[in-house]
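Novice: For this one, chain A is given, so just place chain B on it according to the hints.
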Amino acid sequence: MRRLILLLLCCCFSCLAIAATDRVLTLALGAEPDAGFDPILGWGKYNRPLFQSTLLRRNKQLELVGDLATSWTLSADRLTWQVSLRKGVNFSDGTALTAEDVKFTFDTAKQIASIHDLTNLESVEVVSDGELQFHLQQADITFIDNFVSLAIVPKANYGPQYGLAPIGSGPLKFVRWDRNQQLIMVPNPYYYGQKLQFRKVVVIFSDEDSRYSRLRVGQLDLSAIAPRYAQLLPPAYRLWRIDSVDNRGIAWPMLPKQGNNISNNVGNDVSSDLAIRSAIDLVIDRKVLVEQLLEGHATPAYSIADGLPWGPVAQVSKPQVDPEAAVALLEKNGWQLQGGIRHRNGVDASMTLYYLAGDTVRQQLALAVAQMVKPLGIQITPVGKSWEAIYKQMHQQPVLFGFGSHSATEVRSVHHSQYRGQGYFNSGYYSNPAVDKALNEAQHAPSWQASLPYWQSAQQLIAQDKPWTWLVNLKHLYAANVCLDFDSPGIEAHGHGWPLANNIEYWHWQCPN
Amino acid sequence: MPQLMRIHSYAMFSAALRLILLLILVVLLAYLLLSWTPIDPLNAYLGGNVFAISEPQKALLAQQLSLDQSVGQRLLHWLSGLAQGDLGFSTLYQQPVSSVIATHLPLSLLLIGLSWLSSLVLGYLLGLVAGIYQGSWIDKAVQRFSWLMVCMPSFWLAMLFISLFSIALQLTPVCCAAPIGMAFSEQSVISMLHHLLLPVATLTVVSMSPIVLHTREKVIDVLQSDYVQYSLAHGDSLFKVVRFHVIRNSLLPAIVLQFATFAELFGGSLIAETVFSFPGLGASIVKAGLTSDTALLMGCTLISALMVFSGNLIATALSRYFIQEAGDA
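Protein chains in written order, with my numbering: chain A, 745 to 1257; chain B, 78 to 406.
No wet-lab data here; the hints were simulated from the structure.
In this text, a Cβ means the ideal position worked out from N, Cα and C, and glycines have one as well.
Hints are supplied without guarantee of correctness; some may be wrong.
[Claimed, not checked] When the alpha-carbon atoms are kept at most 27 Å apart in a straight line, the in silico DSS-like pairs for lysine-lysine are as follows: (1) K847/A / K317/B; (2) K1210/A / K1129/A; (3) K317/B / K1129/A; (4) K1136/A / K217/B; (5) K1118/A / K1076/A; (6) K847/A / K831/A.
[To be verified] Cβ-to-Cβ under 8 Å is the rule here; a few derived chain A residues that face chain B: (7) V768; (8) D778; (9) N901; (10) G903; (11) G907; (12) N924; (13) V930; (14) V946; (15) I948; (16) S950; (17) S957; (18) R958; (19) R960; (20) Q963; (21) S1130; (22) E1132.
[Unchecked claim] Counterexamples of contact, computed for chain A against chain B with all Cβ distances above 12 Å: (23) T842; (24) D851; (25) V871; (26) Q905; (27) G962; (28) R972; (29) G1083; (30) I1085; (31) L1111; (32) T1125; (33) V1127; (34) G1167; (35) C1255.
Isolated chain A, as found in the complex (with noise of 0.2 Å):
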């Protein structure tokens, strides 16, 4: 009797199963790749790039995990890294993925100005049929982060014309790429993995408001979607929240504009000052931001790096909201309250933050934060222009940015003095010869998991400079049907949408069909 009602379970659950596999899943995920989906262009560098596979990922606590690697080692001098690959890995075509495969994308992408970084890399070298070394110019870590985000082409199947139609090694297989409209996908028959759950995957490409009207129809099973539309989801629909390091925050122009011997486009007299910045720390609410600018779709952001592996220590970086302290803060560095404006030595504490115009969420925060500090006698007049127009004043006004990345590179390019003045990553020339060391040791670390200290303890550094007054981390919101789960759903990064496909082998059908 036991035996027949356990045959009878197992029956369902086949069932089920069958059920499950033979659904067409329908997603709205963001925007269309332009460009096609052609890792080596860029395809797959915020996302799991789908169709095809990386030599590493990171699974959802961040760690690096080997995907098509089985191991990889750094020698000694730190400037080779050696590769083992996966054995049997095909293509979705059913050609073997090798060795060779491997170096033709890396050289292909050093070699075509691509959104691959790839100058730090001075060769690749295949020594076996499953194996490669990659040489580096300088001792660098971060460098791993490349077999992260750069995922691998067949070298027999790929051309100009290849991001139209990939062939790859990753758990999809495309069918029919529908420009502006569509994207078709089905389980790649050859992938060594989690098989997907799914029969087919379709994928929409559409505006915002669009999307909504298909929500509302029922025509979609997962959205992207702006927190607007958060409070109006049909009934089917569920929505999910998804924490991110998709950060805002300020950048203060950190060199006073009187001497500092760099350009007259460079420093701000206010704003160089710590004790303004610090006072300024002290009475933005990041409660009230998160609750009741942006609803609760959001987190309090205290680094560039909230929640990663490399970002700071917790206790020491939250500064609790004080105003009286700010107040005696701003008193004893001798900033004078005058007429509802702080002056010092004829300068008056008054600033002009920018912020991308037409971004609603940017617009809001630096709303909110010129009211925060109006009444420490700060005023901060937002201006909303375009990035083109911001590049200019950056130097010398605070900008509001958002960054968050699944690459400590990050933590260097916006804080090491290397990149003052250098496109928008260091744009207030931040620089302390202190937090340039501990990012050199993590950068020259003999290790990924050695390297994590120091970016830590960099960090702890910044964090009493005070070069950026973090804001928030805004939270990725989509409607999904109630009957598709997620499994669990890592961190993102900064861009809303396809990073949540990151773990697409793992979803499910929790309904009978």
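Specialist: Relative to the frame of chain A, chain B by itself:
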């Protein structure tokens, strides 16, 4: 007959000359405007990920996208390619511009063609009825409707249609040219028409006002003419008068007018395509503009200039031909 031939070849020559002049002006102006745009093409190429790459890499990228050259150099380069029939390479789509256009133009043409035809037929009929029953409630209703539609932006009407017919009543698809998972050509004709219904209806309604009002005036003119009065005085029925005089004298001007308003229809279709997520050329033009993809935008500009020009040319040819025929007769 030789006289007619001479006129035709002269007309052809002058048309070709005007086309060349027009294209040169369009190209120069478009290039000039593009060089003035504050959008940084490199920034757009990186998809907003300006933070993603180092400065040396950025310089290299600018060089490969030939953004380090002057506007003049780039224009010359583009023109020399064009002379060899090469429309250039779209950095946005990583595809030759000609193949982007070849994929998207047919759907746009279908949409514009259908809307053109239906606004001609519907607009003419409404104008005819309004003209015949001048002063009646039908006439007033048609006129008010036309005036209203003239002031109505197509994107607004499109959104109204979507919220009414697609979301509230669920009669029509909310967007796109085909059901999810299908290409346009894979679906049945019924489904095709179903998906075309709202975009075509929007464009038709928005673009037919000039033809309604114009036809109405023309019909009233004809009805007041001496020959119609003469015919009516001899006891011919209104139906006969309309059939023999009114339609004959008002249909051709309507068609000519319809060709001449081709440009507006093209502009309207860009907006309607964007609202309905219709995968025609519209979305490509908008994207090319927003990302400063020069080659693609220039290609699309050329195509649209050609389309507008042919519309006007046909209108001119038709009116010339009929004026001449009237002269011969």
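Novice: Each hint: holds or not?
Specialist: Consistency of the hints with the structure:
1. K847/A / K317/B: violated, 82 Å
2. K1210/A / K1129/A: Measuring from Cα to Cα gives roughly 25 Å; hence the hint holds.
3. K317/B / K1129/A: Given that 27 Å is the threshold and the Cα spacing comes to 66 Å, the pair is violated.
4. K1136/A / K217/B: violated, 58 Å
5. K1118/A / K1076/A: Measuring from Cα to Cα gives roughly 19 Å; hence the hint holds.
6. K847/A / K831/A: holds, 16 Å
7. V768: holds, 7 Å
8. D778: holds, 5 Å
9. N901: Violated - the Cβ of N901/A stays beyond 8 Å from chain B, reaching only about 16 Å at its closest.
10. G903: violated, 11 Å
11. G907: holds, 6 Å
12. N924: OK, holds: N924/A within 8 Å of chain B, min 4 Å.
13. V930: Violated - the Cβ of V930/A stays beyond 8 Å from chain B, reaching only about 11 Å at its closest.
14. V946: holds, 5 Å
15. I948: holds, 7 Å
16. S950: At 4 Å from the nearest chain B Cβ, S950/A passes the 8 Å test, so the hint holds.
17. S957: holds, 4 Å
18. R958: Since chain B brings a Cβ to about 5 Å from R958/A, closer than 8 Å, the hint holds.
19. R960: Holds, because the Cβ-Cβ distance from R960/A to chain B comes to roughly 5 Å (cut-off 8 Å).
20. Q963: This hint holds: Q963/A lies near chain B, its Cβ roughly 6 Å from the closest one there, short of 8 Å.
21. S1130: holds, 6 Å
22. E1132: holds, 5 Å
23. T842: Given that every Cβ of chain B is farther than 12 Å from that of T842/A, nearest at about 26 Å, it holds.
24. D851: holds, 16 Å
25. V871: Fine: 28 Å to the nearest Cβ keeps V871/A off the interface.
26. Q905: violated, 7 Å
27. G962: G962/A is in fact no farther than 12 Å from some Cβ atom of chain B, at 9 Å.
28. R972: holds, 16 Å
29. G1083: With a cut-off of 12 Å, G1083/A remains clear of chain B, as the shortest Cβ separation is near 37 Å.
30. I1085: holds, 33 Å
31. L1111: The claim stands: L1111/A keeps its Cβ more than 12 Å from every Cβ of chain B (closest is about 23 Å).
32. T1125: holds, 22 Å
33. V1127: Check passes; 15 Å lies beyond 12 Å.
34. G1167: Per Cβ check, G1167/A is inside 12 Å of chain B; nearest 6 Å; violated.
35. C1255: holds, 20 Å
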